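Protein chains: 2
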Amino acid sequence: MSLLIAGSIALDSIQSPFGKVSRTLGGAITYTSLAASYFVQKIMLVSIVGGDMDKKKLSVFRKQNIDLKGIMTIEEEKTFEWFGKYGYDLNSRETVYTKLNSMACFNPVLPTDYKNAKFLVLANFSPLIQMNIIKQMAIRPALILLDTSKYWIKNAEKQLLETIKMTDVLCVKDEEARYLTGEYSLLKAARAMAMFGPKYIIIRNGEHGVLLFHQNQIFYSPSLPLGDVLDPTGSGNSFTGGFTGYLSQSKNLSFDNMKKAVLFGSVMASFCVEKFGTDKLLSLTNKDISDRFEQFADLVQFNYEIN
Amino acid sequence: MSLLIAGSIALDSIQSPFGKVSRTLGGAITYTSLAASYFVQKIMLVSIVGGDMDKKKLSVFRKQNIDLKGIMTIEEEKTFEWFGKYGYDLNSRETVYTKLNSMACFNPVLPTDYKNAKFLVLANFSPLIQMNIIKQMAIRPALILLDTSKYWIKNAEKQLLETIKMTDVLCVKDEEARYLTGEYSLLKAARAMAMFGPKYIIIRNGEHGVLLFHQNQIFYSPSLPLGDVLDPTGSGNSFTGGFTGYLSQSKNLSFDNMKKAVLFGSVMASFCVEKFGTDKLLSLTNKDISDRFEQFADLVQFNYEIN
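Protein chains in written order, with the working numbering: chain V, 1 to 307; chain U, 1001 to 1307.
None of these hints come from the bench; they were simulated from the model.
The structure presented is a predicted model; accordingly, all values stated were derived computationally and were not measured.
Accuracy of the hints is not assured; some may be wrong.
Take a look, some chain U residues computed to stay more than 10 Å from chain V by CB distance [as the list claims (entries may be wrong)]: (1) Leu1128; (2) Asn1132; (3) Lys1165; (4) Tyr1184; (5) Lys1188; (6) Pro1222; (7) Lys1259.
Heads up, simulated BS3-like pairs for lysine-lysine below, C-alpha to C-alpha not over 25 Å straight-line [claimed, not checked]: (8) Lys69/V - Lys57/V; (9) Lys1020/U - Lys188/V; (10) Lys99/V - Lys56/V; (11) Lys1020/U - Lys1115/U; (12) Lys1158/U - Lys173/V; (13) Lys63/V - Lys118/V; (14) Lys1069/U - Lys1020/U; (15) Lys275/V - Lys1099/U; (16) Lys1078/U - Lys1099/U; (17) Lys173/V - Lys188/V; (18) Lys1150/U - Lys85/V; (19) Lys188/V - Lys1158/U; (20) Lys69/V - Lys20/V; (21) Lys1078/U - Lys1042/U; (22) Lys1150/U - Lys1115/U; (23) Lys85/V - Lys69/V; (24) Lys1188/U - Lys20/V; (25) Lys1251/U - Lys1188/U; (26) Lys55/V - Lys69/V; (27) Lys1199/U - Lys1115/U; (28) Lys188/V - Lys1085/U.
A virtual CB, placed ideally from N, CA and C, is assigned to each residue, including glycine.
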């Protein structure tokens, strides 16, 4: 099925104890769509870039057959820029700067064929624009996933809650779940978020795995202990890409299948962090993915009957 | 089989946003033995207390049939004291004070029947004394587990490494694993610690679950998302109690059975934090334990075949 992904494309500068890159192709939907492209054929992007975006950089999307018709360019603006520095433990991230640039003008009109997408991912951007996109859909998608951040919780909470109400999956980081609900317990935070409307709540705990909540059911996907983690940038969005990519392809929205989708999301996030930027996401094979899925499965598998 | 547990018994004062207790019975082997007592009949304690220890407090051990012959009293000394304060998130712990008191004189001579214990837990105390206890055993136990802390890594690293070499399971917190090995990656840290000698490495990630490493195999037990966490004191030791208690009872040291032991350890830790001090560990039923084990199993269980 078709997957529509809306959000930022950025030029990222990243510095970590393991290296440095400057103005590399990044942004939420870059990671999401590249991760999803291993699962689903028809991916459509909605974003905005500035005149400084080197069109050659966008060729990575074309190689993965990702439709770029919904990417607008404002020639007289610059592309969204982000510069982040990581400490030795890679958990302490300092944002040196965020320059919204063209993203400040992001208010897309969807191309006609985009309006029939079966799956919709709204990455982290203004809740008002997220809602505008939902309203443009010709048919209600089978699944709408929304991501957000502390900034929107703080500055546009009312609009955010109205938009969340229209979605099926709310997918946030642990610290955002706590900030949004005022609950430290992630169980209580998930219950509070479910009251906002979405049937599924996903809480991403960074290097500590992912929780999926649905009614009274909980599923937990661990993180795989990795030897070399070079750059965590984009791991959350890679999770979203693996999760929605797998679901779009399998067309099964049961909770049982969502669990597998969460594992595939975690698989894609685990690859993402092993190299800088999108490098690893651009060089995977289907066998890499299925092998790593086995590793995730082995990690928690035990023999119930033994004693 | 019999389980010998050596380490501190303390009078703990605990303050958290959810309450306060003063001079309650605590210490590593209190939590470890109470958690283990739900699995194994014969538990023997080795520790030292001061003349200020109210003997009525020790009745909780007798109720659980725990042998106290190995607990020495120094009348003219005070019992080991610890005062800890927790912040709202319960992860940030401030140790207001630690008064070693009688524990500074801890250098036990084992009662004769203790020397034949089949399982030995060495909680966190001086590596030299840990080694002295191992050397007093008449028969090499089937399993020796050692816990330690940053203090001993910093101040007695050589003796600690010599003692670790004599053990089967090294069980430490994530931050201790990193400090001991200089590796941030827990996978690399576990590999480095396995080089010290132990066949099994356990890394406890606090509220983020537990990792068990053995040769090239890894098992991960999640933490259960809980609604009410009142006091994390003793959760690590409760894990150790559940882990070694289950193993002592089942007498099966295969990696497959160790996985189940890790889950039972996590079950006991999850109970421990739900009330203050040892309160919850004193009021469990076997059904509570098996029900919670099911919850842990459900949390990670998925259907491989679905699509």
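Taking the hints in turn, this is what the structure says about them:
1. Leu1128: At about 32 Å from chain V, Leu1128/U clears the 10 Å cut-off, so the statement holds.
2. Asn1132: holds (34 Å)
3. Lys1165: Fine: 24 Å to the nearest Cβ keeps Lys1165/U off the interface.
4. Tyr1184: Incorrect as stated: the minimum Cβ-Cβ distance to chain V is 6 Å, not above 10 Å.
5. Lys1188: violated (6 Å)
6. Pro1222: violated (5 Å)
7. Lys1259: Violated, because the least Cβ-Cβ distance between Lys1259/U and chain V comes to about 4 Å, which does not exceed 10 Å.
8. Lys69/V - Lys57/V: holds (15 Å)
9. Lys1020/U - Lys188/V: Distance of about 23 Å is within 25 Å: holds.
10. Lys99/V - Lys56/V: holds (22 Å)
11. Lys1020/U - Lys1115/U: Outside the cut-off at roughly 39 Å; violated.
12. Lys1158/U - Lys173/V: violated (41 Å)
13. Lys63/V - Lys118/V: Cα-Cα ~22 Å, so holds.
14. Lys1069/U - Lys1020/U: With a Cα-Cα distance of about 31 Å, the restraint between Lys1069/U and Lys1020/U is violated, given a limit of 25 Å.
15. Lys275/V - Lys1099/U: violated (47 Å)
16. Lys1078/U - Lys1099/U: The hint holds at about 9 Å.
17. Lys173/V - Lys188/V: Judged against 25 Å, a Cα distance of about 15 Å means the pair holds.
18. Lys1150/U - Lys85/V: Distance of about 28 Å is beyond 25 Å: violated.
19. Lys188/V - Lys1158/U: violated (46 Å)
20. Lys69/V - Lys20/V: violated (31 Å)
21. Lys1078/U - Lys1042/U: Violated - the C-alpha atoms of Lys1042/U and Lys1078/U are around 28 Å apart, more than 25 Å.
22. Lys1150/U - Lys1115/U: violated (29 Å)
23. Lys85/V - Lys69/V: Distance of about 33 Å is beyond 25 Å: violated.
24. Lys1188/U - Lys20/V: holds (23 Å)
25. Lys1251/U - Lys1188/U: violated (30 Å)
26. Lys55/V - Lys69/V: Cα-Cα ~13 Å, so holds.
27. Lys1199/U - Lys1115/U: holds (23 Å)
28. Lys188/V - Lys1085/U: holds (23 Å)
Checked against the numbered hints given earlier, this structure breaks hints 4, 5, 6, 7, 11, 12, 14, 15, 18, 19, 20, 21, 22, 23, 25; the rest are met.
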